[in-house]
Structures are given as structure tokens and as C-alpha cells.
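Peer 1: Residues per chain are reported as follows:
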Amino acid sequence: DGGITQSPKYLFRKEGQNVTLSCEQNLNHDAMYWYRQDPGQGLRLIYYSQIVNDFQKGDIAEGYSVSREKKESFPLTVTSAQKNPTAFYLCASSFYNQPQHFGDGTRLSIL
Amino acid sequence: AQTVTQSQPEMSVQEAETVTLSCTYDTSESDYYLFWYKQPPSRQMILVIRQEAYKQQNATENRFSVNFQKAAKSFSLKISDSQLGDAAMYFCAYWAPNDYKLSFGAGTTVTVRA
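Residue numbers (the working numbering), protein chains in the order written: chain A, 6 to 116; chain B, 378 to 491.
Treat the hints as calculated values from the structure; they're not laboratory data. It is possible that some hints are incorrect.
Stated by the list, open to error - Some but not every residue of chain A turned toward chain B, in silico, with C-beta under 7 angstroms: (1) Leu50; (2) Pro104; (3) Gly110.
Bear in mind the structure is a predicted one, so any value in this text is a computation, not a measurement. Beta carbons are placed, not taken as given, at the ideal position from N, Cα and C, and that holds for glycine.
Assemble the whole structure, with the sequences as input and the hints as a guide.
Peer 2: Given below as C-alpha cells:
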């Protein structure tokens, strides 16, 4: 089945540690996105990528980094510079001007 | 950045009744798309309905329909014959080719009373 796979489902980070969230899609979508969702709130864009080897900052990119070495993959690293990383992270992908398809999300918590 | 406003944090509806969720947006673009997404407790984001700005006809998907008022920049969602499975958070979202990112409203939590 085609879709977007995010892993892990739950992730815990220690102080000063970088963690990487995985996002893989087999929908042949060109664009991929990372969103952060805080409790009871909407989604805020962290980074997005329209093509391989290119990506742009979203509204809240500070403390995060991404790479897009393959069309299918768009991993997000939450660095130690992100002081409040506890949130629900959603990855999405789409064709140009088509609705975004979302993964099931990763919940990140601080130990 | 585009602004999407959902002014109703919570809405409650009796099963089999109708509920309407409000959404307004701000844009200077003429070409854009509007969406309603549903997020149940599982946290999955599910596309409910989509509207292209150039289309005058309001989109409909089974029990879900929209009232798209382009001049007023309003995009409300009507859920008819509400079912218990409709209980979720609903997000209005905006996308424009020039912007390439989806802007979300803060969401409306819908509760369905049996």
C-alpha cells in the first residue's frame, strides 16, 4: 500500500541530545513537509522540500534541521538547540497543488 | 504569511443534527486552495474536503459540504446528519502555488452527543 511512514511512534530525548525522526513515502510525491503540533493547537510548519537536495525553512525552523537526499525520505533532526521539543510531529507529502497526505506522527517527549 | 482563523474552539452537536464550522482567511492571491482536515483522537490527519478558489460551485463530499464565499474570504464546513465518528478536531487550511506551504487554523473540536 502506498503511504507515508513515520518512525518511531514515540521518542524520548535527554537533555543536550539530538534525535532524528524518520519520514518515508512511497507515493512518488515531489514535496515533503514537517509540522509541529502542540496540545490543542494547529499545525506549524518547520521545514519543507519541493525537490531532492533542496529545502526551505518554515515558520518555526530554529532548533531543527533536515535533509532530502532521496525523493522518498525527509528526516527531521531535533537538535539540542530546540529548548522546548515536546510535541507531536507530523510529516506530509504531496504532488504540486494536490492535498497533502500525512503520516501517523511521532510523539517526542523529554526525559 | 497567510492567516487562517477558526473562531470556534469547540462545537457540540446532537447525533443526526447539523453543525457548521467557521473559517476565514486572509490572502492577496487569486489562485489558491482551501481544505478541511479532520483529526480524530488517533491524531491522524484526514482530508475531508477540498475547494479550488477558481471554482464557484461549493464542494460536497457525502455528508460534508462547504460554503465558499470568495469575496468575504470565508470557507465554512457543514456536517449533516452528524455521527459519533465525526467527533474530532477539524482544521481549516489554505494553500497557494506561490506560497507552497499549507497554513492551518487553530482548529475546532467537535463533540457529538448521542
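Peer 1: Does each hint fit the structure? Answer for all of them.
Peer 2: Consistency of the hints with the structure:
1. Leu50: Since chain B brings a Cβ to about 5 angstroms from A/Leu50, closer than 7 angstroms, the hint holds.
2. Pro104: holds (5 angstroms)
3. Gly110: Since the shortest Cβ distance to chain B is 5 angstroms, the answer is holds.
In the structure shown, no violation is registered for any of the earlier numbered hints.
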